[in-house]
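Trainee: Spelled out from the first residue to the last, the chains are:
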Amino acid sequence: MKNKFSLFVVVIFFSFCFVIFYKGLNAPNNYTPKVNEKKNIPTFKAKDFYSNNFVNSDKIFEENIFYIINIWASWCVPCRAEHPLLMRLSKNKSIKLIGLNYRDNLNNAKKFINELGNPYSQTIIDNDGTLSVEFGAYGVPETFIIDKDKKIIRKFIGPIDKQILEEIKSITK
Amino acid sequence: MKILKIAIIALLLMGFSNLKSNEKSDELKNKILKNIRCLICQGQSVYDSESEFSSSIKLIVDKKINDGLEEKEIYFYLREKYGDWIIYDPKLNKNTYILWFLPLLFFLVGGAIIYKKIQKKNEK
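Chains as they are written, first to last, in full-length UniProt numbering: chain D, 1 to 173; chain C, 1 to 124.
Treat the hints loosely; a few may be bogus.
[Stated by the list, open to error] Simulated pairs of lysine-lysine, DSSO-like, Cα-Cα distance not exceeding 27 Å: (1) C:K81 to D:K39; (2) D:K91 to D:K47; (3) C:K63 to D:K155; (4) C:K64 to D:K59; (5) C:K64 to D:K150; (6) C:K81 to D:K151; (7) D:K34 to D:K45; (8) D:K4 to D:K93; (9) C:K91 to C:K34; (10) C:K29 to C:K64; (11) D:K59 to D:K47; (12) D:K93 to D:K23; (13) D:K38 to C:K81; (14) C:K34 to D:K150.
Read the hints as simulated data drawn from the structure, not as lab findings.
Remember, it's a predicted structure, so these values are computed and weren't measured experimentally.
With the hints as extra help, turn the sequences into a complete structure.
Mentor: Structure (structure tokens):
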């Protein structure tokens, strides 16, 4: 009876360890950000890309429409790749595209926009990357969808492609 | 002349206390940065990393310390933005119960077994 009990305890113990290690091995060991979490947009003050005047976030997001925030930089190669898609997206009148220029040289950034076109209805400057941290971003390019309640409802890490473009269109319909 | 001397001593003392408080905030900053994971690096803390992401986080932590936020509040802020993964020290929650309590459970069960064995040996 006692031996049976010991065997039972040992089996339970090893099964438990097996489940823990199995789950641990299957879990991804790199950072997988949550992209569907609803979050309030941060309140901030940032410099406008063209006028160099400070603008408040309330002023930027004052209309009752969907906003798309795109974090970009002239030195970022994938930003160049996604730019034609942003140009296409900018034709959609039901959304406003806001550019967030990340840790960039202003002259290079202006050259980039002059060369590839300006899809943004407004662009703000994030010289030190701290504004991007407020949005929960960790690199460029990144794109956020902000709904009419001024909540971030979706974020896309990396360059947007045709599939993402369609997803953005369907969400902001 | 006496007033001048007092003024110089007061200035020196003020400078010394400023230096001390700067040292303290630097210590706190380094402690926090060592406990924050660089999310775009492989196995590096923000303190060790020179990536764009890490330098932005360093600036944010510096700003929060200067704004008077405490260590826990800074961790809370970062968790809000990036989730639990950004902090090396895992917080006690439903996902980490096993991590926190399993070693304790093993210790108690192991201790009980050893105690029983010793007791039995003594009885013999």
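Trainee: Going back to the hint list, which numbers does this structure go against?
Mentor: 8, 12 and 14
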